[in-house]
Amino acid sequence: MNLNTKRIRGQELRKLVLLGLVIAIKIILSQFSFGPAFVKVGLGFIGSVMLGYLFGPIWGAVGGGISDLVSSAIFGNQGGFFIGFTLTAMVGPLIYGLLFYRKPIKIWRIIAATILVTVIVNILLNTLWIAILYHMDFNILLLQRIPKEAIVPWIQMIITYFVLQALSRVKIRADFK
Amino acid sequence: MSKIIIGRYIPGNALIYKMDPRGKLLATIFFVCIIFLANNWLSYGLICLFTLATVLATKLKPKVFWDGVKPLIGLVFFTSLLQLFFTIGGKIYWQWWIFTLSSYGITNAIYIFIRFTLIILISTVMTVTTMPLEIADAMEWLLTPLKFVKVPVDKIALVMSIALRFVPTLFDETLKIMNAQRSRGADFNNGGLITRAKAIAPLLVPLFISSLQTAIDLSNAMEARGYRGSEGRTKYRVLNWSKYDFYNLFSFVILIILLLIVRAH
Numbered sequence: 000m001n002l003n004t005k006r007i008r009g010q011e012l013r014k015l016v017l018l019g020l021v022i023a024i025k026i027i028l029s030q031f032s033f034g035p036a037f038v039k040v041g042l043g044f045i046g047s048v049m050l051g052y053l054f055g056p057i058w059g060a061v062g063g064g065i066s067d068l069v070s071s072a073i074f075g076n077q078g079g080f081f082i083g084f085t086l087t088a089m090v091g092p093l094i095y096g097l098l099f100y101r102k103p104i105k106i107w108r109i110i111a112a113t114i115l116v117t118v119i120v121n122i123l124l125n126t127l128w129i130a131i132l133y134h135m136d137f138n139i140l141l142l143q144r145i146p147k148e149a150i151v152p153w154i155q156m157i158i159t160y161f162v163l164q165a166l167s168r169v170k171i172r173a174d175f176k
Numbered sequence: 000m001s002k003i004i005i006g007r008y009i010p011g012n013a014l015i016y017k018m019d020p021r022g023k024l025l026a027t028i029f030f031v032c033i034i035f036l037a038n039n040w041l042s043y044g045l046i047c048l049f050t051l052a053t054v055l056a057t058k059l060k061p062k063v064f065w066d067g068v069k070p071l072i073g074l075v076f077f078t079s080l081l082q083l084f085f086t087i088g089g090k091i092y093w094q095w096w097i098f099t100l101s102s103y104g105i106t107n108a109i110y111i112f113i114r115f116t117l118i119i120l121i122s123t124v125m126t127v128t129t130m131p132l133e134i135a136d137a138m139e140w141l142l143t144p145l146k147f148v149k150v151p152v153d154k155i156a157l158v159m160s161i162a163l164r165f166v167p168t169l170f171d172e173t174l175k176i177m178n179a180q181r182s183r184g185a186d187f188n189n190g191g192l193i194t195r196a197k198a199i200a201p202l203l204v205p206l207f208i209s210s211l212q213t214a215i216d217l218s219n220a221m222e223a224r225g226y227r228g229s230e231g232r233t234k235y236r237v238l239n240w241s242k243y244d245f246y247n248l249f250s251f252v253i254l255i256i257l258l259l260i261v262r263a264h
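Sequences listed follow chains A and B, in order. Numbering-wise, the first sequence is residues 0 to 176 according to numbering that gives the first Met the number 0. Numbering-wise, the second sequence is residues 0 to 264 according to numbering that gives the first Met the number 0.
Chain A on its own, in the form it takes in the complex (with noise of 0.2 Å):
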């Protein structure tokens, strides 16, 4: 897609509204978790996967800005608007459009992916925010996150990897190629 041309019609109206409706069900997979009480795994990754594997980096990171936005309007910001956020929830559709869009699927990528994404969007930059919005000690609050930022990529690699592979069998019709 063309991030400047003026008109919208045919193709790119049709990616724009699919856009849309794939943001829609980031926001919706992100209200479900599963796993036992300690490390509950949220499922909006799996939006985040699919912004980046159909739309490619730049407009899954729309998409993921987009999205936090959507959601904070309809469910509300817990803890605060704040536009770190938002930038944060940029990033993990920019990662996995880098290593997922339009190329084959493979373990190491998915992998790559995961821990590229856990360590810049989970462990830093949101801690980062944190400690920046409630003014706190970044290490501190570092402590408090990795325990279970060590557990649930590995969890995730393995949905991804199903995701991945189902995501890739729907035909997409030609209508947004």
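If you are wondering where the hints come from, they were derived from the structure by calculation, not from laboratory data. Hints are not guaranteed to be accurate.
[What the hints assert, rightly or not] Some, not all, of what chain B presents toward chain A, calculated at C-beta under 7 Å: (1) T27; (2) V31; (3) T116; (4) I118; (5) M159; (6) T173; (7) V204; (8) P205; (9) A214.
Please read these numbers as outputs of a predicted model, since none were measured by experiment. C-beta: ideal position from N, C-alpha, C; glycine also.
Position chain B against the provided structure of chain A, taking the given hints into account.
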């Protein structure tokens, strides 16, 4: 996986409901910055008073706000406790292994607890007194300056309104698909990790396929009704500033001035 409630808007007729969503959103965003200005007991007292006044001005039951704070209260306590025992400075009261209880740690933990609660309360006021559609309109308005750096704001606005419109629809669809798969033996809540990861596919694939179909149908319908991009279109839903927004932003300016006076320099 239980049913989720779409939207947290609770109808009411207090003054705060008449305020423009743009003013409210701006106030909510700035609140996060203003809270940094507080650095002594007096300034924290002032900002607590302001928040309490805002909460009372909504004329809603305390339970609404308690529901906003409840999901995070455990995390807030845990975070405050960590800050309490790992912050070192001032008078030391008690020490064991790596844990230290100091006067600086105590005030720091209390400040953090207050900050957390206030930010959650103000955000709750925002989402509870404003309809999602209005919040989305306000966000679109806030994004307008990005046009100057060539961000396709009109496309973003289109995608945003489609996503907003389809969250409830696709949510119903998700539940229907889950029930349909369940009726034929699918199990979404049991089994090991891999079984559960696999169970997501029978949910996601039909959802995605139906979204593809919806996207084709909706874009055809939009084109049939003469949609050619957002250039040269009028707006049916318009946001209007009123005197209530003056109250909103004026009280905010007063708060900032008072905070600047009473904070420790």
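So, as I understand it, the hint says B:T116 touches chain A; can you test that by seeing if any CB pair is closer than 7 Å? At about 11 Å, which exceeds the 7 Å cut-off, the nearest Cβ of chain A leaves the hint on B:T116 violated.
Given B:M159 as an interface hint, is the shortest Cβ-Cβ distance to chain A below 7 Å? 5 Å, holds
Could you check if B:V31 really has its C-beta closer than 7 Å to a C-beta on chain A? 6 Å, holds
Take the shortest C-beta to C-beta distance between B:T173 and chain A; is it under 7 Å? 6 Å, holds
Can you verify the interface hint for B:V204: is its Cβ closer than 7 Å to any Cβ in chain A? 5 Å, holds
Grab the minimum C-beta distance from B:P205 to chain A and call the hint holds if it beats 7 Å, violated otherwise. 10 Å, violated
Go through the hint on B:A214 and say holds or violated, using the shortest Cβ distance to chain A against 7 Å. 4 Å, holds
Does the interface hint hold: is B:T27 within less than 7 Å of chain A, judged Cβ to Cβ? Given a least distance of 5 Å, the restraint on B:T27 holds.
At a threshold of 7 Å, is the proposed contact between B:I118 and chain A supported by beta-carbon distances? 4 Å, holds
Of the hints listed earlier, those the structure fails to meet are numbers 3, 8, in rising order.
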